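Novice: Protein chains in written order, with this note's numbering: chain X, 1 to 324; chain C, 1001 to 1324; chain S, 2001 to 2312; chain P, 3001 to 3312.
Treat the hints as calculated values from the structure; they're not laboratory data. Being a predicted model, the structure only gives us computed values, none of them experimental. There may be inaccurate statements among the hints.
[Stated by the list, open to error] DSSO-like cross-link-like pairs, simulated, lysine-lysine; straight-line CA separation at most 27 Å:
hint	chain 1	residue 1	chain 2	residue 2
1	S	K2131	C	K1033
2	X	K33	P	K3227
3	X	K33	X	K181
4	C	K1033	C	K1253
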Amino acid sequence: MSQKNMVKAINEALRHEMASDDRVVVMGEDVGKVGGVFRVTEGLYDEFGEARVIDTPLNEGGIVGTAIGMAAYGLRPVPEIQFADFIFPAFDQIVSEAAKYRYRSGGEYACPMVIRAPIGGGIRGGLYHSQSPEAFFIHTAGLKVVCPSNPYDAKGLLASAIRDEDPVLFFEPKRVYRAVKMEVPDEAYTIPLGEGRVVREGEHVTVVAWGAMLYEAIAAAEEVAAQGVSVEIVDPRTLWPLDLDLIVRSVEKTGRIVVVHEAPKACGFGAEILQLVSERAFLHLAAPPARVTGFDTPFPYTLENEYLPLARRIVPTLLETARY
Amino acid sequence: MSQKNMVKAINEALRHEMASDDRVVVMGEDVGKVGGVFRVTEGLYDEFGEARVIDTPLNEGGIVGTAIGMAAYGLRPVPEIQFADFIFPAFDQIVSEAAKYRYRSGGEYACPMVIRAPIGGGIRGGLYHSQSPEAFFIHTAGLKVVCPSNPYDAKGLLASAIRDEDPVLFFEPKRVYRAVKMEVPDEAYTIPLGEGRVVREGEHVTVVAWGAMLYEAIAAAEEVAAQGVSVEIVDPRTLWPLDLDLIVRSVEKTGRIVVVHEAPKACGFGAEILQLVSERAFLHLAAPPARVTGFDTPFPYTLENEYLPLARRIVPTLLETARY
Amino acid sequence: MADLLEVYRSAVRARLLDERLAIHARAGHIGYHPDAARAELVVVAATLALDREDWIFPTPRDHAAALARGVSLERYVDHAVGNADDALGGHGSPGMFASRALRIASPSVQVSQHLTHATGLAWAARLRGAKEVVLALFDETAADAGDFHSAVNFAGVTRAPIVFLSKTDGDEAPAPDVEVREKAVAYGVRDDECAGDPAAVLEHVGEAARRARAGEGPTLLEVRLRKEPDPLEALRAALLHEGAFTEEADFAFRRELLLELERATSAAFAKPAPRLESLFEHLYAPSAEGALPVHVEAQRASLRAAYREDPR
Amino acid sequence: MADLLEVYRSAVRARLLDERLAIHARAGHIGYHPDAARAELVVVAATLALDREDWIFPTPRDHAAALARGVSLERYVDHAVGNADDALGGHGSPGMFASRALRIASPSVQVSQHLTHATGLAWAARLRGAKEVVLALFDETAADAGDFHSAVNFAGVTRAPIVFLSKTDGDEAPAPDVEVREKAVAYGVRDDECAGDPAAVLEHVGEAARRARAGEGPTLLEVRLRKEPDPLEALRAALLHEGAFTEEADFAFRRELLLELERATSAAFAKPAPRLESLFEHLYAPSAEGALPVHVEAQRASLRAAYREDPR
Ligand SMILES: Cc1ncc(C[n+]2csc(CCOP(=O)(O)OP(=O)(O)O)c2C)c(N)n1
Ligand SMILES: Cc1ncc(C[n+]2csc(CCOP(=O)(O)OP(=O)(O)O)c2C)c(N)n1
Ligand SMILES: [Mg+2]
Ligand SMILES: [Mg+2]
């Protein structure tokens, strides 16, 4: 047990899984000798060698496509995409192939793999180093989508994702990578996919937030607490399949819900969560289900803090929802 | 004015726009001499020649990518994707490039183009000839998305899309292509993007449906009418930007809403429409907003009619919603 | 090595299957049928040039590979019909037949995407020290698509044990004026070519597979197919001429096949469709408790409710 | 044709800009700065080898092209800072500078995607009967990405008037062992190569552009860059040696530039950020009435409300 950041926690999960299962291989652009742009795979090349920590050409479609073949053979590839923004050259392979490989073959073949990619804004990276594409993959049947908000969850969820029999998108909030440190066990452990967590208990409004925005939700909750509004915060951790029961239980108590996410609003995951809640807990809703999200524009360079749903933009929606 | 099917109506719109604006070019796999897999571009090659009706290599990313360059030069390309299922090799070019071209260059460059693609099931085409990917593009800021349900709308909307200054995804319900005939003027006309249409007036429940599913919604409405449930049906025609005012006005009257679509449910466009209605008309809602959609699985081969939200699956939800 | 008679017999099975399923497709009994487009001899010969533990990545047109590995006509027709006995559970559309036991991979409908999978599997086999080789089939137009570039490039970089086989339509001119085999140099991959006759294919695929197995890396093999006159007819004439069989024997062989097809199709169409619930199977691996994810279970229940009186 | 002195002067501007913006990037004053990585001489020479009505598709590292076409340091720094005067409205991240007036296209951050745009524009120009030529710049690793394949293939098919210029890192070995220029044959495109010195680049790009303009089709030109010793230093020494300028004159020239940079950066950082509302501009073409789509207008209003006291 020691204080670790998320980069270290993920690195440990990779190391443990590779050590205990020789089918696990890591691959991607500069993941080997360089250890990845964010140094998440550092040291793995030295420990496991070039046959299991593989530097690939610059071609995300090729990375995911070859990983599908490796998975079909029986390996457990863990491809890294340098930024989630660069996942789109691999979109066809993920959406048309990996997601449907088991289904279309009637279970003859499966596609156990974990695609890791940093997501989110806040590093002044502009349009193509900041996006949060989770909704695309949630809309694609056959995938699972995970987004941890802290080092402890990241380590346990990644272990589960690697042991899962199906393709998992594992999105890492890059703004959290080195910003948050906490006690993380040195040994391997798992956190089951599909289980959310109540991060803060409260009475008046339920907030669902994940990744880097969880911290903004917490900051907003602190702020409105001073005005007598008590906020319960749920971190779903696994975005899909969603732990809807946990959210519904919370809404049954509070009667109000706000979802926060960085991605654009239109057809974002917020709409899905809120519509599911409207379906399951309609009579409990005392106020319109609400969202605070990135805008329906590309991710801007200069005004990124205005674009992001930071506490400043969450607070008014919390107050409005609580006082509706 | 004469009876025309949607294939003919779209073909006429292309011909009119090409004749009146020499910047308009059609391009794609076998759109030239062959006239397209569905014969939508038939005759254009003979009329306008190979410089304006262009057969391309089999590479959708190349088709859309070159179209972006052509648009930057000042042309108005209208690329065809043979099936919407094959749009994914072009996904990166559409989502990362076309959608953001104007925004990222501060308006120095624009990207006026219309990507045409047939969508939807019902032709026993299985996984890769049946999908409805509209939500992916609605989630991508900077695009417009159109889906006509009949020949008249198709002709007028396509003309508007081609004259629009921004990239438009124009999805054609392939099951409707030759199944529906109606009076369509021979001369050119436009229907503005962003304007929906009330297809059927009713009192008790609002249904939003588009493309081929509109006809299923109508069939379901007929069926429940016999049981005293009066259904109002809205066809948004342009999916994004959405004519939300029209839908909200209807819900203010009926107090109930059901969205029908072929695409999978999770993060589908239904969630967005319903959440927008919850935000705008919460106090008018007398029943939970509901959806009848394709399932969260890939599109199956054999059981496609069970997968699709046909009238049989719409009816129970209409009754439940009306009687809530 | 397989002999031409064996190739012929497998190819005739594929051809008669094509003719039969084309009828059912036209009549609307099945969704559609991607036929071999007269390339069955090439596909069969390439398949028989491999060892049984080698892997094949076919296109949806290459059912001849599955037949050559022993798939019965009935099993394939069950798949094309998508009935309750379909190995793919009625999920995959016609041509997507796959079998792990036979080492026939799941074909991609997106042209060329399976090529990258093939490279990945070959590379994985090599990383694991296996001696297995991969054959990846494609039609020449697929070389324009993006995944051809990824697949051959990754194969070049990894020296994966793979044979990319282009079934090149020798009656169509390439555009631009570049043969598929000429693209090999762009990836540092060995290229080769041969005519579409089965003896040549047996030899060239056999040799490329041998090199791959020996660690000498990938080959891009262009097979130039002439579809006129019908190559299967030409082989039949040659074998007859050589006395490999008599007209009567061939006639009897074909009649037997036609009867088998008749039985297979009658049986296949008589079988029920897959159960309603099968729609939700093989989406994810079954959980230990057999439970579906909550959202899927809700959808299953709603379908069941809408089809309450339906016995399926 | 441009002379080496002109190339030198533009390249020094680019270099000093790089040095300055690297400091601001490290200090966190700007998001980041994609520098020219010692390829500025190549980029400048290639730019000056073209006519002014020719089009350039740069990577985000190729600001030297914009400078060579007359963009002031202040204008570029405004962009890197993303202030209210940024030509891109604070939308594009550093390196995405674009100018229709200067025929500098919007660079893609997704490596290689701009190459396909370049082919499309060249093809469009040819379809319209214009004599304009396109220069598309890339770093050699981009040849692995999918859009390189699409772009060069479409250029080969259409015979578009385009020069693809690979800035190949001569200090890195290609993997597999294939030079970028060798890939041209896969697409039926002419290939060429030269060293990274500006005279060679002027000549080879000039010649490739001449061919393109004359309807002789595309060229894939591989420029082999050696980054050690610093090529800009080498050119400086050569020009000094030839007497093109004196040490003193060069010193004065650089001091002038440094002052200009000082003014540009001070000015750029003193300027306000773009207005809040600018977040929603250039999403779509402005409507006739200037109204935003309903959903965007609602978002604009909510932002404004959250920043009520903010004067921007
Ligand atoms: C990515 C993708 N785009 C489009 C298609 C549709 N498609 C199937 S085969 C084919 C090409 C047909 O040309 P060719 O291979 O020459 O076959 P031929 O028509 O000559 O038999 C196309 C465009 C596809 N399967 N995948
Ligand atoms: C599609 C895509 N994937 C990944 C990246 C991130 N990326 C930017 S440059 C680059 C390659 C760096 O290698 P090289 O071109 O050799 O530059 P060097 O590091 O040698 O300067 C990568 C992977 C990208 N821009 N686009
Ligand atoms: Mg062909
Ligand atoms: Mg390099």
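Novice: Of all the hints numbered above, which does this structure not satisfy? Sort the numbers upward.
Specialist: Numbers 1, 4, in rising order.
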